[in-house]
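K.L.:
What follows is each chain in one-letter form.
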Amino acid sequence: QKEVEQDPGPLSVPEGAIVSLNCTYSNSAFQYFMWYRQYSRKGPELLMYTYSSGNKEDGRFTAQVDKSSKYISLFIRDSQPSDSATYLCAMSRSNDYKLSFGAGTTVTVRA
Amino acid sequence: DTGVSQDPRHKITKRGQNVTFRCDPISEHNRLYWYRQTLGQGPEFLTYFQNEAQLEKSRLLSDRFSAERPKGSFSTLEIQRTEQGDSAMYLCASKGHQETQYFGPGTRLLVL
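Each protein sequence line maps, in turn, to chains A and B.
If you use the numbering used here, the first sequence corresponds to residues 2 to 112, in order.
If you use the numbering used here, the second sequence corresponds to residues 33 to 144, in order.
What the hints contain is simulated information worked out from the structure, not anything from laboratory work.
Predicted, not measured: the structure shown is a model, and the values here were computed from it.
Since no wrong hints were added, every one of them can be taken at face value.
EDC-like, lysine to aspartate or glutamate: derived pairs with alpha carbons at most 16 Å apart: (1) B:LYS89 / A:ASP97; (2) A:LYS43 / B:ASP39; (3) A:LYS3 / B:GLU76.
This is chain A alone, in the form it adopts within the complex (with noise of 0.2 Å):
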């Protein structure tokens, strides 16, 4: 069993639609959670860092983190075609920061 589990999909949603993607993950000693979004054939690009439990919005984003149930979320509202990429969670514990990513979820925002 994979240390992140994050569901591949594809999902495919109309402009103007709220996307909601998520990850479980095993690991209790993860303490930062973040969302990268990845472009065809570019690295990631980090849009959303959370420590801990709790929630974190920023523009048309929202993170939530629940660590009691192991789960985090990325909610994006009013969809646009330029948010269509490959959403990946990443977390890290505190010693040396290196990630474990889920395998992404790639997302289609319908014109």
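Use these hints to put chain B onto chain A, whose structure you have.
P.N.:
Then chain B, alone, in the frame of chain A:
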């Protein structure tokens, strides 16, 4: 702050050849990480440096792989006697005082 850069962006080589990739981190970032990403998967950790010291190597990193970070600045990742299974995107990321890592554009390797 010009971001993390990687060179080359693409590399095609024949099986058995050696290849070397370079990563230039964000200036003053003391930690540098290497990851490998295959199609349809998330990046997997390979190794990381704090300044010039290599602190951890993944078991994914066979003896054919070696990484260096002389003087704690840029880093190189060398693969000797490449195999077709080495074909992947090799990603470099750097980290400063904050907890987040910033990635470069990656080097896409194809071994024929």
